[in-house]
Amino acid sequence: MPTFEYLRSIGIGYYYSGNSFLHARDARIKVLAFSVLILGVALTNSMLGLLFALAATCLGFWIARVPLLPCLRTIRSVLPFIVLLFLIQLLIHRRDDTPVILWNWKAITIYRSSLFAALRMLVRFLSLMLVLGLMTAVLSTLELHHGLELLLRPLEALGLRTGTLIMVIQIMLRFLPLLALRMEEIAKSQAARGAAWDAGKGGLFQRIRMVLPLITPLFLNTLQQSERVADAMLCRGYGIHARRTHYYEYHIAFADILFFLAVLGITAAVVFLPSFLGGF
Amino acid sequence: MPFFNVKMGCSQLMKNLIEFDGVDFSYSLPSGERIDAVRDLTFSIQPGEWVALIGANGSGKTTLVKLVNGLFVPDGGMVRVGGSLTSDRTHQAEIFSKIGLVFQNPRDQIVASLVEEDTAFGPENLCLPRAEINERVDASLAMSGAAYLKKRPTYFLSAGETQRIALAGVLALRPSCLIFDETTSMLDPRSRCDLLELMRKFHAQGFTILHVTHDLDEALLAERVLVLHAGRLVMDGSPQQIFQKDEQLREYGLTLPFLVRFARDLASLFPSIAPFYRSAGELLIDLRKISAAGQTAAEPRREPSSVRSDILIDVTRLAHAYMAGTPLERTALQDVTFSVAEGQSAGLVGQTGSGKSTLLQHLNGLIRPQQGKVRMGDFDLSQKDVDVRALRRQVGLVFQIPEAQFFETYAGDEIAYAARMLGYSGKLRELVQTAMQMVGLDFERFVDRPLRSLSGGQKRRVALASYLVMQPRVLLLDEPFAGLDPLIHQEMIELVRGFHEEGKTIVLSTHTMRDLLQIAQKVIVLNEGKTAFEGSTMHLFHQPLLQTWGLEIPLELSIAEELRKKGWNIPGDKVQWRDMLQWLRANAAEGGHAHL
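Order-wise, the sequence lines are chains A and B. Following the numbering used here, the numbering of the first sequence begins with 1 at its first residue and continues without gaps. Following the numbering used here, the numbering of the second sequence begins with 281 at its first residue and continues without gaps.
FYI, nobody ran anything at the bench for these hints, they're computed from the structure. Ideal placement from N, C-alpha and C gives every residue a C-beta, glycine not left out. Hints may be right or wrong, so weigh each one.
Label pairs and their in silico Cβ distance ranges [said to hold, decoys possible]:
hint	chain 1	residue 1	chain 2	residue 2	range
1	A	Gln224	B	Ala422	39 to 47 Å
2	B	His819	A	Gln224	51 to 59 Å
3	A	Leu150	B	Thr370	24 to 32 Å
4	B	Leu775	A	Ile169	29 to 37 Å
Here are some chain B residues pointing at chain A (derived, C-beta under 10 Å) [what the hints assert, rightly or not]:
hint	residue
5	Val391
6	Leu453
7	Phe556
8	Arg558
9	Ala560
10	Gly561
11	Glu562
12	Leu564
13	Ala699
A short list of chain A residues far from chain B (calculated; beta carbon distances all over 12 Å) [as the list claims (entries may be wrong)]:
hint	residue
14	Leu43
15	Leu48
16	Ile88
17	Pro99
18	Gly159
19	Leu160
20	Ile186
21	Thr216
22	Pro217
23	Leu218
24	Tyr248
25	Ala269
Using the sequences and the hints, build the whole thing.
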């Protein structure tokens, strides 16, 4: 049965409060470690490395005692797009020294290298989603804020206003679910007035025609709300001083260094592991 | 009049916490046009005062509030807070920490994912040392009665709890003045009562309170009342002075508080009752002192004849969870069973978060039952293949603050949307005309008006018309009177009552118990996702668990109860004040009790 719960399909981005080994790490270390890992996963060409990252992330979920299922559900909801990307990747032929043709039908030729590239993209995407899911599950918004603030502080010497940048990130994270909720509200109110949102009728063209009138109130409402949030933040003294003090005390312990070295090791493996299947 | 436009001398200047001197402020539209929001405001507020700010929708109350703490800077005139000009940005930190502003919707004020982190946000901005932040977080949470929430994620809280967290976040700045901008308007009776109690406590501790409200009975709690009309300060005085001038108030789109209205009527009948009270408790105590009536004829208590007609809405053991299967899973409905007959009007009440909106959305198929059954006439919504569009043609669901979902530019188009969607294009004009007539909007005058130019009350009427255009048999109204000023509130009640008299079945949710007396034949109480009560409105107010459900007894019923103890046997079916009063007057004249 069709439902209006747009938010339900998003399982990434929730903080799970807890006191696991991962939760307890210093905010700066967490931000830094996850950034390194994300970079490694994004840049590596090694299939084996990507699979290793996938396994390590799953282990991370287990250590943090965070359920993996909501994350996987999110992936399922974007699956059609991934499949589409996979197919496109499959049809793109990359020049290599010894092209091996796997399958040929009329004008369509699939090379072995394309298949591997497509597979790699698939696993890379999965790993990135899971790493992001794990990061947001163990890093609260305030930790993210403080972690980034402390890490980026050196840039202030160059005259960059890092505080503003960080606030933008934090507010954006806060607004994504709100946007989904607003969308839900407006779609419901239009459905209540006869729009066929959930009646299962209408083709793609009609769907698009229905989305258009939705956009105006969606942005108007969201803008109005963001103005209210901005007012509330100003009233609580945000932006008065360029620097803020911190509620949490951050000090790097031995366990933090250990954790960071472990993630560094994993990332090194992700990048430098040989790709199996003859260099792909 | 002690506070009226006193021109302050220099020595007195420092005594004022807030001072407005000839303040003008206008908004500019994209077209370059400027709209005056407030004009020539001059008044001052002393430390420790409790001031209520009232005025019809659009009278400039929120603008005034934003001018107080420097979110807006006046175009003309001056605003001083603690002697510092708000236009001088070097005083900003000082002003923000002196004036704490609590907004209408608490969710807009939460910035962090954990409660303690959110409370710490303000002190962090003020660059306080960590030890002090810690101390303030604990103290502020304790002051707002939310210490037990410290470690909780902010998105799992109820509306009342979120309100407390928002308040704690403001208190952590250690303000000396608290501004509540329609903060009580979205709360259920109990949370509202709790918040008012907190205000009383803060005032006793020396806080200055500025309370913006549509509820005139709440304004009675203040020491002083400011009345805004069309951007100007038109009245300033004690509640007693202000609420004497009913004609003047009416001119400004306001009316009398219920307590004052009732006291005045009673005073004309019983000499020992004063014409003015600041709290309902005092009036009830005085009622105990009136001399007993010589037993008025005890009329047999007539139960409202139960209409035996077909059950139209039938809900059985309904349960629903949001975000099922995610970490945010939240049970909204656990076990809901009730029925409403064709042509009946039913009220749906319960604390914020008890599942009222979720339930209403089930009734026109926007949410489909996860467990249990929902039947609307011939439509069984537990069936997968039910034609929901056909159902929605008959069952109109009007959302909370419906004007927030407007997407057309002109009133006529907005109203016509549903008719277009349902393919009635042939007789569009006729349908729109009928719908506008039903809500009391003149077709010729309003059909081509831009929605933006309408007043709050007119917008709400357009929103209603945009559903009525489908000519539904059933109207589901989710808090239809929320956010309206008292006069428009009453007008909308009359409107909805009219729909019911025309034969429509009505289900409406509300936080105002008095609305039930005026509209609802039966009431369904939801408590923690379960039906706690289903029965007649009169029976509801005799339930011992009323307070547990977050509800309260309307003042007129408490008055009637006191009078009955004195031998005035007001019949049980007289639940509206004007009927009670009529009965009292008739009986007093007959028996000559009034002059005892």
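Now for the hints, and whether the structure bears them out:
no.	hint	in the structure
1	A/Gln224 to B/Ala422: 39 to 47 Å	violated, 34 Å
2	B/His819 to A/Gln224: 51 to 59 Å	violated, 42 Å
3	A/Leu150 to B/Thr370: 24 to 32 Å	holds, 28 Å
4	B/Leu775 to A/Ile169: 29 to 37 Å	violated, 47 Å
5	Val391	holds, 6 Å
6	Leu453	holds, 6 Å
7	Phe556	violated, 36 Å
8	Arg558	violated, 30 Å
9	Ala560	violated, 33 Å
10	Gly561	violated, 35 Å
11	Glu562	violated, 36 Å
12	Leu564	violated, 39 Å
13	Ala699	holds, 8 Å
14	Leu43	holds, 30 Å
15	Leu48	holds, 32 Å
16	Ile88	holds, 31 Å
17	Pro99	holds, 46 Å
18	Gly159	holds, 21 Å
19	Leu160	holds, 20 Å
20	Ile186	violated, 5 Å
21	Thr216	violated, 5 Å
22	Pro217	violated, 4 Å
23	Leu218	violated, 9 Å
24	Tyr248	violated, 8 Å
25	Ala269	holds, 30 Å
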